[in-house]
Amino acid sequence: MSLLTPPRITGSSVRPGDRNFRFITTGAGITVLVVLAAIAAFLIWKSLPALQNNTGNIFTNEQWLPDADPPSWGIAVLIFGTIWTSVIAMAIAVPIGIGTALYITFYAPRRIARTLGFIVDLLAAVPSIIFGLWGLYYFMPEIVPAAQWLSTYLGWLPIFSNDLDLYTKSILIAGFVLAMMILPTVSAISREVFWQVPKGHIEASLALGATRWEMIRMAVLPFSRPGMISAAMLGLGRALGETIAVALILSAVFEINWQITEPGGNSIAANIALKWGEAAGNGRSALIATGMVLFFITLVVNMTARWVVNRRREFSGAN
Amino acid sequence: MNPTPTKLQDSVETKNRIELENLSIFYGDFMAVEDVNLQVRPQSVMSFIGPSGCGKSTVLRSIDRMHEVTPGAHIHGRVLLDGEDIYAPNVDPVLVRRMIGMVFQRPNPFPTMSIYENVVAGMKLEKAGRSRKTDLDDVVERSLRGANLWEEVKDRLNRPGAGLSGGQQQRLCIARAIAVQPEVLLMDEPCSALDPISTLAIEDLIHELKNEYTIIIVTHNMQQAARVSDETAFFNLSGVGQPGRLIEVGPTTEIFSQPKNQQTEDYISGRFG
Amino acid sequence: MALRSDIHAPIAAGDDPLRLTGQRLPRWAPVASLGIGVLIGLAVQITGITVIGLAPAVMAALVFLVVYTAWTLAVEGRRHAIDRLATALIYSTATLALVPLVWILITVVVQGISVLSAQFLFVETMRNVNPRAAGGGVAHAVLGTVQQVGIATLISVPVGLLTAIYLSEYGRGRLARSINFFVDVMTGIPSIVAGMFIYTFWILTLGFPQSGFAAALALTILMIPVVVRSAEEMLRIVPNELREGALALGIPKYRVVLKVVLPTAISGIITGVMLAIARVTGETAPLLLTTFLAQDVNWNAFGGSQASLPTFIWDQIARGTQSSLDRAWAGALALILIVLTFYATARILAARYAPKER
Numbered sequence: 058m059s060l061l062t063p064p065r066i067t068g069s070s071v072r073p074g075d076r077n078f079r080f081i082t083t084g085a086g087i088t089v090l091v092v093l094a095a096i097a098a099f100l101i102w103k104s105l106p107a108l109q110n111n112t113g114n115i116f117t118n119e120q121w122l123p124d125a126d127p128p129s130w131g132i133a134v135l136i137f138g139t140i141w142t143s144v145i146a147m148a149i150a151v152p153i154g155i156g157t158a159l160y161i162t163f164y165a166p167r168r169i170a171r172t173l174g175f176i177v178d179l180l181a182a183v184p185s186i187i188f189g190l191w192g193l194y195y196f197m198p199e200i201v202p203a204a205q206w207l208s209t210y211l212g213w214l215p216i217f218s219n220d221l222d223l224y225t226k227s228i229l230i231a232g233f234v235l236a237m238m239i240l241p242t243v244s245a246i247s248r249e250v251f252w253q254v255p256k257g258h259i260e261a262s263l264a265l266g267a268t269r270w271e272m273i274r275m276a277v278l279p280f281s282r283p284g285m286i287s288a289a290m291l292g293l294g295r296a297l298g299e300t301i302a303v304a305l306i307l308s309a310v311f312e313i314n315w316q317i318t319e320p321g322g323n324s325i326a327a328n329i330a331l332k333w334g335e336a337a338g339n340g341r342s343a344l345i346a347t348g349m350v351l352f353f354i355t356l357v358v359n360m361t362a363r364w365v366v367n368r369r370r371e372f373s374g375a376n
Numbered sequence: 121m122n123p124t125p126t127k128l129q130d131s132v133e134t135k136n137r138i139e140l141e142n143l144s145i146f147y148g149d150f151m152a153v154e155d156v157n158l159q160v161r162p163q164s165v166m167s168f169i170g171p172s173g174c175g176k177s178t179v180l181r182s183i184d185r186m187h188e189v190t191p192g193a194h195i196h197g198r199v200l201l202d203g204e205d206i207y208a209p210n211v212d213p214v215l216v217r218r219m220i221g222m223v224f225q226r227p228n229p230f231p232t233m234s235i236y237e238n239v240v241a242g243m244k245l246e247k248a249g250r251s252r253k254t255d256l257d258d259v260v261e262r263s264l265r266g267a268n269l270w271e272e273v274k275d276r277l278n279r280p281g282a283g284l285s286g287g288q289q290q291r292l293c294i295a296r297a298i299a300v301q302p303e304v305l306l307m308d309e310p311c312s313a314l315d316p317i318s319t320l321a322i323e324d325l326i327h328e329l330k331n332e333y334t335i336i337i338v339t340h341n342m343q344q345a346a347r348v349s350d351e352t353a354f355f356n357l358s359g360v361g362q363p364g365r366l367i368e369v370g371p372t373t374e375i376f377s378q379p380k381n382q383q384t385e386d387y388i389s390g391r392f393g
Numbered sequence: 078m079a080l081r082s083d084i085h086a087p088i089a090a091g092d093d094p095l096r097l098t099g100q101r102l103p104r105w106a107p108v109a110s111l112g113i114g115v116l117i118g119l120a121v122q123i124t125g126i127t128v129i130g131l132a133p134a135v136m137a138a139l140v141f142l143v144v145y146t147a148w149t150l151a152v153e154g155r156r157h158a159i160d161r162l163a164t165a166l167i168y169s170t171a172t173l174a175l176v177p178l179v180w181i182l183i184t185v186v187v188q189g190i191s192v193l194s195a196q197f198l199f200v201e202t203m204r205n206v207n208p209r210a211a212g213g214g215v216a217h218a219v220l221g222t223v224q225q226v227g228i229a230t231l232i233s234v235p236v237g238l239l240t241a242i243y244l245s246e247y248g249r250g251r252l253a254r255s256i257n258f259f260v261d262v263m264t265g266i267p268s269i270v271a272g273m274f275i276y277t278f279w280i281l282t283l284g285f286p287q288s289g290f291a292a293a294l295a296l297t298i299l300m301i302p303v304v305v306r307s308a309e310e311m312l313r314i315v316p317n318e319l320r321e322g323a324l325a326l327g328i329p330k331y332r333v334v335l336k337v338v339l340p341t342a343i344s345g346i347i348t349g350v351m352l353a354i355a356r357v358t359g360e361t362a363p364l365l366l367t368t369f370l371a372q373d374v375n376w377n378a379f380g381g382s383q384a385s386l387p388t389f390i391w392d393q394i395a396r397g398t399q400s401s402l403d404r405a406w407a408g409a410l411a412l413i414l415i416v417l418t419f420y421a422t423a424r425i426l427a428a429r430y431a432p433k434e435r
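Protein chains in written order, with the numbering used here: chain A, 58 to 376; chain B, 121 to 393; chain C, 78 to 435.
No lab work stands behind these hints, which were simulated from the structure alone.
Going by beta-carbon spacing under 10 Å, a handful of chain B positions derived as facing chain A:
| hint | residue |
| --- | --- |
| 1 | 184 |
| 2 | 217 |
| 3 | 225 |
| 4 | 227 |
| 5 | 296 |
| 6 | 306 |
Remember, predicted model here, so these are calculated numbers, not experimental data. Glycine included, every Cβ here is placed at the ideal spot set by N, Cα and C.
Hey, can you work out the whole structure from these sequences and the hints?
See the structure below:
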């Protein structure tokens, strides 16, 4: 007879606790799946009417007349504006975000690093409507001289030339504001990634006689590349879908204008926001269709990011 | 198998490769190590032994200025490499680390690089793309042979460096360190994370490397020190919260059979540590 | 192995021979270069003569970079010149990153502080307030935002965290891969699309009224993927050795997850959740579509239109009068204050409950 009963090793191999927990977490995952599928299916269904009775080619049509008879509308203008503002935003925010993250992790003294990190994170808390408000009334007047400089000195590039001598409410300025909006995302995630670089690699490269920048190039950046791409992609995702700031800043002219320092342009999201209130029937259906296109573009962006991350997973050294 | 030691002061033909002169190491205001005086002859192996926390790793890291990675760390005294003070104001720490290589306790090959790329990592810093492939190939083979790793990996040089076993990874790190032909090789408990067979392999390697490099190895394993080194330095704390000090240094056979200091004898015979 | 004949021999022909000592840049070099840059900038400012029209500040920065790098190149060589150039550029990006936030915060505080008061925040509403007149408040909007964001958080954090746990600790097969894929997809849902969905599905098709709850649902769609992604990332970073160590002690897996893995990752997860909350609190677009702009307090999030701070600000901007603009800035200040409270709370929670990591 024993006072203690040893635990039974034989019997059911899965504890109830484990089974339940696994069930709950799986259920949560499936819920996410279902919700997303529902969104996609439902919205596609709702956009079909406008797609079916549209005349002309939806990709090249530069008009917006979904309620006309016959309806004629296309997304060319919207795609142009969406992509251009986002590209400009990334071109500015990714280098600055990564540079800031590097500074905080490898260059700054502890106290400055914490403060700067906190300040940059705080920028993420600023809502888009405030960016729009401030961008319109305070930032734009300051940035116009820079736009003028671009058209004066780099104006031989058609993209920077300006025929109207008007520089406000342009795609360029919207891109600048977008850059500021996605900067904290890029920086915060990059910082987390850099912080995870194992000290051993850093010391190994220093022990080989590397300067600090060489150490970063040798030990930090390669290890962090998937994470940095992920950071950039999350930033891009936010830029693509940003509605309110763009709606407030861009002067909503429905046309394609390659001269990005000139006013005017429209993005898919801003277009929906501005036109939804007064839209009905076919117009609303057309807006939903453009929303699905935007959704699809975002999908492609995310898939590409995922693919890049996975390709290098073998070399990433993470768990 | 240690060569018959000659008395340190009578080594006529060679200067000391490394010399520590009144070296004290501080972290901020806290003195971690006090007043170390030590000479290391060229092409020899010296081991640092002592209980944990006695400062042996700290002293080791001060030799290639790695302790400066910790903010607030500084030294008093001098550390001489072939007679030149590496802490002099106009000395470039990057160059110091290029000439004094280091192998760490946990093997740390760069995970994003292949075996080949790992070995030439240090070299690429100097040349930045100017070197020819055949030169690099020669270096890779020389270094991997020098680390007794060539036969095992020569057919998979393009595989990730992190895919090797622990012992192989450590030998890869050694290959990487010797690829740049440093004058001194510092090893901070290089075998403590490895299995006994890999440990033996690395100890054999050290015997061979000794012909070309000056090696200082920190180890908490006294038998290893006895097997591997020509000279041994014993460090100890003078008391709780006190800085570490160098208690005794001398030829390994003497330290282990006839130590001059009572503390050394106590440590060797296992009365503490 | 061949012995090296000369310990200072270069590794191959054409290399710079190594010397331990050499020239080093004087310690006052950065400041001196900066000084030169500033002088040139001032010269541009005063004389008005510019080089290709560059502004004085830009000129100063460029001159500093060029002088500093060239000086280093001459004295210390190529590798150090590159290192210092990289250092200078990285310092510059950090400075640039500071500018927008400081600028915005100062603007919002300066513009909004005159109208902001406890009265404005918690008592007054826009009921019966003429757009042109001063006065009025955001109490109704504050309540709405708190309720809407609160409901959204209550739904999305459990669902998101559990999904993240599934993906990180359990999921290995096709289901996990699909979920992973769809979470990625969901991360990129534009906020306006989320709003469109809730409007057409919940309100038009199912027939529920516009309400704060509808807005919360739209916000949930936006929050869940961000929570999942950041939580999963933090869970993955927890070293496998921790899990294995706990499992080896005979602890069942679900307890390992709850008691070991989760606490280790918790500060990172909380930061992620807070970033998610910060993001959705300021979302305007989905709210515009799902709750009609109310001018008065509505305590019931489940029926009838409910105001919120972002829509309040949007509405005030649209009114166009100076008083409205003042109220908009004050509302903006209020919004930022709410977000900051979330943020600070999160940081304190994370610091208190996280085990020592490094």
